[in-house]
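> Build out the structure end to end from the sequences listed, making use of the hints.
Chains as they are written, first to last, in the numbering used here: chain A, 1 to 372; chain Z, 1 to 109.
Note that these hints are calculated values from the structure, not bench results. Quick reminder that beta carbons are idealized off the backbone N, C-alpha and C, glycines included. Be careful, since some hints might not be right.
[Unchecked claim] Negatives, chain A to chain Z, calculated, CB over 10 Å:
(1) 20
(2) 35
(3) 65
(4) 91
(5) 98
(6) 114
(7) 118
(8) 221
(9) 243
(10) 294
(11) 324
(12) 343
(13) 351
(14) 352
(15) 353
(16) 364
[To be verified] Label-pair restraints from in silico Cβ distances:
(17) 90/Z - 91/A: 53 to 59 Å
(18) 40/Z - 98/A: 25 to 31 Å
(19) 172/A - 8/Z: 28 to 34 Å
(20) 19/A - 4/Z: 15 to 21 Å
Okay, here's what each chain looks like letter by letter:
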Amino acid sequence: MTNRNVSTYLLVGLLFFAAIGLLTGLYAGLVRLGLTIDLIHSISPLAHGPLMVNGFLGTLISLERAAALEKKWAYLAPGFMALSTVLLLSGILGIGKILLLAGSLFLLIIMIYLYRLHPRAYHLIMIMGAGSLFVGNSLYLFNVPIYTLVSWWIGFPLLTIFGERLELNRIMRPPQKAIWLFVTLIFLWILGITATHIQRNISWQIASVLLIMLALWLFKYDVARRTIKAAQWTRYSALCLLTGYGWLVLAGLFGIWKGFPRAGLFYDAQLHMIFVGFVFSMIFAHASVIIPSLSGKSIPYHKYFYLPLILLHLFLLIRVAGDIAIAATVRQIGGYGNVLAILLFLGGVPYHLFKISSQKRKKKGSQLQNIA
Amino acid sequence: MPLDRDIRHRIVRELRGVIDPELGVNIIDLGLVYNIFCRDNKVVVEFTATTPGCPMRRFLQQQVEQTLDSIDEIDHFEARLVWEPSWSIDMISDDVEFFAQPPPQLQSN
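Following this line, the structure appears as structure tokens:
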């Protein structure tokens, strides 16, 4: 009865690799925060960024797109990403980096293919998102320092999500002028991050102003303003989106204030306001769509999912406060708390799936008993 | 073979239970279901997604299949994803109470 030509097992298998990327990336983040555990094979704290951006986000986003496209070749993108995660974790950096580049190239091809099928502004923005990852990974292959290339890695989830939001927000019927404004702001933002290679601080400050304008655009035109009045996953998703846009505004303000440091606590604050505050809010927002699409299992809604969301924002505020106040312990507490929030969200998904299926089994069992 | 009117109504009613989780609106009111007909003793539901790259695509397929499977009167069915014509916001039902209140399916849970 189905026309699906790719097995759910393949999707779940690749999803598993994205989870490996996330968990090892989080662990590398903890090591970066100062956690030391005696392990036979330790993960370098320097692997935190590459694992989170490529191992997790790269695999997940390319898998989501490949699953939507239903073309076998499209699975080369998440396949290469997954394989490179394993290689990076095994310390085989050279081939690992080449495969990362191959994965991002195939993701770019997927996005171009989608644009050719449906040439609209939102697909163009997604092409720029995949292009941003490709540029970042090209620089990574040539051992350019991460603080120099990280703006391209930021561009990947940011532009992909902006494209998705523009697509969905057609429903709000934004005026054509507003759509052009959004696309223009994105082009200018890309120019801004390109210019960071020449004049790092001023370019980042200009890009930060543009980021705030993009966030304000989303506040005005995103359907989340309406769906916040709905219920269950719909309301939850809207709250995640709106708080995520709030973090974009704060990240923009921080960028205007501090420019784009190359290392240290302000660098830490800037990156995590975007990657944790914005990107993880978006992941929480879309989990109710992404997981069923890939695994075939609908996640039952439960109020529990508000707990990790609240903890995510709360601990990020603590972390940023620790960064600004140059208080290492406060920053550490915030960082550990962020990991806890993500794990609570991640753990909540199988827990609630299991709970529902065991309730169904019990119900079926008692119905059979009644019949007997 | 024309599809029995009652079964058709039943299918439409049940498909109103398939809700886009992010919008909180069902796929009938969103205009994602294009056609419901019977061919070679098989009920065929033609539906679409908002774009070819829509991450909801597989989810919708599963939900439509599960819905058709749950209707006792239907023995054979096919949930067929189509791309022509492309979905547009003009396909959303005019009388849908869009976000005015939680849809009934959500309220009842």
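> Measuring from beta carbon to beta carbon, are residue 19/A and residue 4/Z in 15 to 21 Å?
Violated - the Cβ-Cβ distance for residue 19/A and residue 4/Z, about 46 Å, lies outside 15 to 21 Å.
> Could you let me know if the closest chain Z CB is still more than 10 Å away from the CB of residue 351/A?
Non-interface label stands for residue 351/A: nearest chain Z Cβ at 19 Å, farther than 10 Å.
> Does residue 294/A clear chain Z by more than 10 Å, comparing its Cβ with all Cβ atoms of that chain?
Violated, since 7 Å does not exceed 10 Å.
> Does the Cβ distance between residue 172/A and residue 8/Z fall inside 28 to 34 Å?
Holds, at about 32 Å.
> If we take the beta carbon of residue 65/A, is the closest beta carbon in chain Z still more than 10 Å away?
Given a closest Cβ separation of 6 Å, the condition is violated.
> When you take the CB atoms of residue 90/Z and residue 91/A, is the distance between them in 53 to 59 Å?
The hinted range 53 to 59 Å holds for residue 90/Z and residue 91/A, with Cβ atoms some 55 Å apart.
> Should the label of residue 221/A as a non-interface residue stand, given a Cβ cut-off of 10 Å to chain Z?
holds, 13 Å
> Determine whether the non-interface label on residue 35/A survives the test: each CB of chain Z must be over 10 Å from its CB.
holds, 34 Å
> Confirm or reject the statement that residue 352/A sits farther than 10 Å, beta carbon to beta carbon, from all of chain Z.
Holds, since 14 Å exceeds 10 Å.
> Honestly, do residue 40/Z and residue 98/A meet the 25 to 31 Å range at C-beta?
About 51 Å separates the Cβ atoms of residue 40/Z and residue 98/A, which means 25 to 31 Å is violated.
> Classify the label on residue 353/A as holds or violated, using whether its beta-carbon is more than 10 Å from each beta-carbon of chain Z.
holds, 15 Å
> With d taken as the least Cβ-Cβ distance between residue 98/A and chain Z, does d exceed 10 Å?
The claim holds: residue 98/A sits with its nearest Cβ about 27 Å from chain Z, beyond 10 Å.
Checked against the numbered hints given earlier, the structure breaks hints 3, 6, 7, 10, 18, 20 and satisfies all the rest.
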